[in-house]
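Colleague: Quick mapping for you: the protein sequence lines, in order, are chains X and P. Just add 9 to the spot in the first sequence (first one is 1) and you have this note's numbering. Just add 8 to the spot in the second sequence (first one is 1) and you have this note's numbering.
Hints are supplied without guarantee of correctness; some may be wrong.
[As the list claims (entries may be wrong)] With beta-carbon atoms standing in for the labels, derived distance ranges:
1. X/Glu35 / P/Asn82: 45 to 53 Å
2. X/Leu129 / P/Arg98: 50 to 58 Å
3. X/Glu395 / P/Gly139: 49 to 57 Å
4. X/Pro172 / P/Ser108: 23 to 31 Å
5. P/Asp86 / X/Thr365: 21 to 29 Å
6. P/Gly139 / X/Gly132: 53 to 61 Å
7. P/Asp86 / X/Lys170: 27 to 35 Å
8. P/Asp86 / X/Gln56: 29 to 37 Å
9. P/Gly139 / X/Phe424: 44 to 52 Å
Bear in mind the hints are in silico, worked out from the structure with no lab data behind them. Just so we're clear, the structure is a prediction, and the values are computed from it rather than from any experiment. Virtual Cβ for every residue (Gly too), placed ideally from N, Cα, C.
Given next are the chains, with one letter for each unit.
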Amino acid sequence: MAEPAYTVASDSETTGEEKSSSTFSETAIGIDIGTSQCSVAVWNGSQVELLKNTRNQKMMRSYVTFKDENPSGGVSSQLSNEQDMLSGAAIFNMKRLIGRVDTDPVVHSSKSLPFLVQTLGIGVRPLIAALVNNVWRSTTPEEVVAIFLVELKAMAEIQLKRPIKNVVLTIPASFNRFQLTRIERACAMAGLHVLRLMPEPTAVALLYAQQNTSQNTNTGSEKIALIFNMGAGYCDVAVTATAGGVSQIKALAGSAIGGEDLLQNMMRHLLPDSESLLTSHGLDDIKSVGLLRVATQDAIHSLSSQTTVQVDVELGNGTKICKVVDRGEFEEINQDVFDKCASLIIQCLHDAKVDTEDVSDVIVVGGCSYIPKIKSLVKSTCKKQELYKGMNPLEAAVSGAALEGAVASGLSDPFGSLDLLTIQVTPLAIGIRADGNNFVPIIPISTTMPAQKDLIFTTAHDNQAEALIIVYEGEGKKVEENHLLGYFKITGIPLAPKGVPEIRVILDIDASSVLRVLAGVLMPGSHQPVNPVMGVRMPTVDDGHGWCAEALNRAYGSTLDLVTVHKKI
Amino acid sequence: MNFTSSLNSVALPKPFLSHSHRHHHHHQERKPTFSLITCRSATNYKSSSTYKVKDGENESTNFYKLLSLNPNINTSKDEIKKAYRSMALRYHPDVCHDPSISSTKEFVRLNQAYKTLSDPVLRDEYDYELGLKNCVGTTRVGFKMDNIRNHGAAQNRWRQQVLELKRKSNCRMAQKEGSWASRMRRAHNISNMD
């Protein structure tokens, strides 16, 4: 059955329509929008090439300054000095904030950034603003990301001498579906169509698959690799089984921990009350925090190559920091972050059902891969002496995205360099609320995508005519531990004793990772649904509004509940 | 206005038809759909086994044939993996650019076939249903199920296997025997059946 062509874009803001049936006329580019840096790469016909901006940089800072009428990003504009970025006018770290609400701890930890992040703590999006001529000008993470996407797009168009539409974007493995819609929204604002969203370590896995095919031409023997990717904002782990150019992702794990946390811990170490500096958000305070941030960042970089560092910084408000920090101190104050990294590796190996001795290669990439402690903890957790060599830690993810762009655009290579495939899995389980307040997964974690799964539910009460389908994503046993994706009601259930009507719920994830939830009612003895089936594209909720579920509970209690149909063993 | 057409119009899959499908399959559909998959996933919750034999007779839904393999109980795990990979390189939506092929559906079917055939227990059941073997639990190279007795009734067999797997899993914890793949599949099965 042919897929019908869409004539209008979906109303749901995103642009993730199923790829059109015609072959692509252009090669999709790969974009890595990192928390602190971004980059663009493209398959140039024989290999992956990273594009450079006019200042000959392959890695561009991910920030936008709102100095003048037209905001400008780190791709096109040059800051006169680092402090410029810390004057309140520059917004950065937006990848950490996109799609998060003001009750999220990650948002709270971002309040020490030298611009305005205001939270009300009620589960709505935080107010983010840049200081322009002594006025706080509000913006959104989507807008900031869109601005540098526009700049990256323009840069690529000039160099490739063609319009750019399709992109493969890398994303953190821990992003939930709501956050993905925000990224897609930013792309749509920038006039880009998301061909694929790739969790960062899976992009690295594709690059690894390519490197392995060229090394041993399709021997068919499977190699297990663990990929650890840690940047400024996120830490991701993937376990993949690779053979013959095909990388089968076995499991993914990720968390919003990264260099930013190391930086904040170090800032607190250097100036214990550094957080109180920003309470008034005065211009001088912002400057002080900015100076401290720059000095701390430099110190952390130095500690990657030397064992001690002298921090000497005047914060402009009479505070002067003059301190020697050694690597041991740095590692000690960040013990929690490092422990979390190790636990992600253990979790990912566990989810993949892989033992450390089965792992052939351990790949460490991302900005934090230069930190000696990161390298040593990954090696010790994986029980390996050596890490995989042959990948540029900063370029691996974007290179993988460019490969995926070429593959998904239908390009082939005479030497077989593009006979590649990454088979993705779901990073989180998706399911519905049933059996009281329980989360019942329908598509479990680490399910191969595209996927389609169904489960049968039934009514919780006699003569129950309606039921609520409330869809969540996550790993918690109770719904409130998971992320609400949306909800809808099915009506017209024929009156019957509880447990008799069969309510079939189907979750469908297509190649573009679009999730659809279908629900219909079947009565015993009949093969036709009683009423037209509901088919709802998710997520439908804005801003991760977990409180919608509470409102539903207040309005309906348990009257519209569902229970799972027990397996008959 | 029937259910099929309303769903088709929005390009949605048609698993609701799984039951009726078996009867209308051939004249309704130009190509096989993944009705089979829905049936199989439903078997986790409902006892049913007869349909599989029927489907097994159908060329296009035989899991071995989906992977371009000859139905044979001696096909090794590596051969199945290899077949899956090469089929994935043809039908995965990322790499399949033939507009006449509904690659998403093809790939979902491939996954189902692979998932079943790469899992020793599911494959054993499937081989039995296909009539490739006379009873469940006979020895296959690389996978030992010698202690599982065939009680005839599918339900009993199922329970027996769950118990046996749990026992083996406990043993494994102590001994760490077998390949990672067989261990992970066994472990995976147990968590699914619990």
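Colleague: Looking back at the hints listed earlier, which ones does the structure fail to meet?
Modeller: 7
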